[in-house]
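Kindly produce the complete structure, drawing on both the sequences and the hints.
Here are the chains, one letter per residue:
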Amino acid sequence: MRRFLWFFILAILSAGLFYVLQFGVAHIPPAGKFLNPFSGFWANAEPAKPVIKESLSIAGLQDEVTVVYDDRLVPHIFAKNAHDLFFAQGYITATNRLWQMEFQTHFAAGRVSEIVGEKTLELDRMQRRKGLMYAAELTVEAFDSDTLAKDILESYSDGVNAYISSLTYKTLPLEYKLLNYYPEPWSKLKSALLLKYMADMLTGKSMDIELSNAISLLGEEITELIYPDFPDTLIDPIVPVGTTFPHTDIHLDTPSVIGIHQHYNVESEKTSDNIGSNNWAVSGSKTKTGAPILCNDPHLQLNLPSIWYEIQLSMPDYNVYGVSLPGSPAVIIGFNNDIAWGVTNGTQDVKDWYKVTFKDATCNAYLFDHEWKAIKERPEKIRIKGKASFIDTVLYTHYGPIAYGPGLSDDTSSYFLASAWTGLEPSNELLSFYNLNRAHNYDEYVKAISTFQCPSQNFVFASVSGDIALWQQGKFPMKWPKQGKYVMDGSLSEYQWQQYIPQSENPHIFNPSRQFVSSANQHPTDTAYPYYYNGFFEHYRNRRINERLALMNNITVEDMMLLQNDNFNMQASESLPLMLRLLSSQNQQSAYLKTLNQWNYVNDALSEAATIYEVWYDCLDSLIWDELYVEGKMTEIPLEFTTIRLMQRYPNHSIFDIKHTTDKKETLDDLVNQSFSQAINILDDWKTKNNKSLTWFEYKATSIQHLARIIPFSATNIEIGGNKRIVNACDSRWGPSWRMIVSLENPIKAYGVYPGGQSGNPGSHFYTTGIEKWRKGEYYELFFMKDASDLQPGMTTQTLQTIKP
Amino acid sequence: MRSFVKILLTSALVLVAQLYLPWYVIMIIPFVISIIIKTNGAASFFSASIPVSFIWIIQAYLIHTATGDILTSRMAHVFPLDGSANLLLLVTGIIGGIASGLAGLTGNAFRNMLISPDSNRKRKTGYIPLNQRRR
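Protein chains in written order, with the working numbering: chain L, 576 to 1380; chain H, 16 to 150.
Treat the hints as calculated values from the structure; they're not laboratory data.
A virtual CB, placed ideally from N, CA and C, is assigned to each residue, including glycine.
Keep in mind that the hints are not guaranteed to be accurate.
Quick list of the computed label-pair ranges, beta carbon to beta carbon [as the list claims (entries may be wrong)]:
hint	chain 1	residue 1	chain 2	residue 2	range
1	L	S762	H	Y35	25 to 35 Å
2	H	Y35	L	F598	14 to 24 Å
3	L	Q1367	H	V31	39 to 49 Å
4	H	S18	L	L698	49 to 59 Å
5	L	Y744	H	S18	28 to 38 Å
Among chain L residues calculated to face chain H with C-beta under 8 Å, some are [said to hold, decoys possible]:
hint	residue
6	H602
7	A606
8	A623
The structure is reproduced here in structure tokens:
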């Protein structure tokens, strides 16, 4: 009996241990599986010299495909037909980036809780209320209605799935092992979700609610003063000032009241105000070689694995090099034998908010033009790791989904807000990229981008034949003045989007007399443009770039590299002299002041003056906008440019008064001095606490974080200068995600670098390849191969063979 | 001697099986071996845990050096072991050792339960307790 009991106890213990080591408990990965050095995480470690098999047999290919890897592991894919090209792109991309591809689409779809558990439930609910899955489903329908797009996406999916089906636990990407789940089959829907993920990141946030709150706090006059549609001074738009636009008759039903202003205390997601990018092209008359040069650096959140995957795609009549988005076929930013192109974000507001009036508490019908319109319900089942699923229902009006309302989130609102967003409409952005990849000239470029809807992008263009151009392309609602700047009444048709701006009238510029084109998220036009638009536009990077380009001649690729990495702080150059002048005598003794007085306004990595200025300006900015920091109220701090204009023009304006000091009316003078004392304290404390000098990069602490925020898989405290509003727009979390320079000589010469590496595997030596060069402002020369035999030193060839039945 | 045979057998089988089969062969193999080959409890535990720990640590160490520490250094922070690759190797060995040892011990107990314990006891102690004699 005792022996039986003894065995029984041991058997239970063994079984229990087996269970824990095989399946894991709570958030601890299954230790036996995971630690096993034969197939656990150890198996994901790769030797410094990559192992590239000479040939692979893959079911689903129609013909043989040659993949040449260069010394940075950039694949150059040579296929004989389109099916195999995009199949191979899917297969190769998945080999290097599968986990990232799937995680980003899970994020877009509101499915993160499936992987990490309940803590991301509110995030997932919000993602679903944005309607990204709904939009992705419409996008798949748009793909399917076009044979070409459908074929490309299906080939790509098949390639990804061929890789997924080859996986064993041993070859599974590390993050799946760590977070203990498995990849699903890829699909067109996932590619569509990726495009919506980008659209949401770039245009999914508009300030209507914040600006309505500002009106309820400060009144309409001050709100318009601090958030002007155009500043009261000259601006430097994409289409140069003085350009005439065709006269247009605009017939829009215009209401007498622009919006519904009340206290909307909704809990909105915070996004960076550093989403942006630079691109420009100079014509041959300004360059040393006589050929145009095109440059682009999109500023995105700095993540690992990198958002970009470098690739060359080649088949008969198609040869393109550039960066792709893992999860989408084709090249997004790049060049071919004839042209180069790049993108920056179009910053116009294309998402508007409507207050919806329901008939009763059942929320089945809402008021529209004096009638009750039926709501559409979309059930959303959110699976949660280790818990029962959460069932949500998202209500769709004809504008779009209701994102805020009683019971929909943590807020205590008594109103419902629905959004209309151009990203919710069916469109086929993929086809634009495919056609751009194979465009030979300006006309084909214009045709390729003409169907691109959302996110609106400034497509810069240059060709070997000598043309330069820039189109702001997107689907833009035609708006009456101030439409969509504030929350609007959803019950009346005159508030809805009535028409769209004809595509041919989107702001654009072709071979201008100034011999260069550029964009940096500034206003696309000056006030002469016939259509109303609003947004939070850039005012520094654009002016710095244009100033430099106008002065430069005999331009070389090296000059362009210096400009992309330019750390001149124009904002400081326009605000610091004023701030210093207002400083009282008792503040004149500070040692920090001496450093500031000697500053050349350059935010280099090692500058201490840059740190002092940035901290001081932030303190000043917070003091000035004290009236906007109100408990339970979502507001947006005005642009630095606007704030500095007000400092220069109206130093005694009531906005400079500090609200809670009722006995005193402060002016800018007081605020400058108060903020300087605050800054001294912050800087002193920081030095003591961190035991470091005040060098800008140490204070800024730029980090490139792993997508799932696994810190050991991240790169932290990177020695790099710059900041938002500076051409080298690198702040603590956002920055240039791909710097590219293309000289359109024949043959084309190109250079590029991104803060990451081709492999998404933290166990690969190619996980962080480019970071070092990127932070130093250096570039790789990009090998644009003519054909598969055009080999360079360090390249390795692999053949993908089809499995014959 | 029997323990020595067990160690050799476990090492050989685990080494081959690990290349093709899931990690839990390190539990199944010692369990079966301990049913077949008789040893005492302690020996059944250690004749499994020692070779498996050893194999796991050696294999992990080979990967660690062949890949230039690239992943080990990161994983030793994930766990968190303060970045120590040695500790990570040790943890790997301990987990493998405990799992295989416990399985060996369980196999031994299974054997003892099935096979008449009397002869066993008799030879070892030379004394059969009264209550068992009655049975």
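### Task
Kindly indicate which numbered hints from before are broken by the structure, ordering the numbers from low to high.
6
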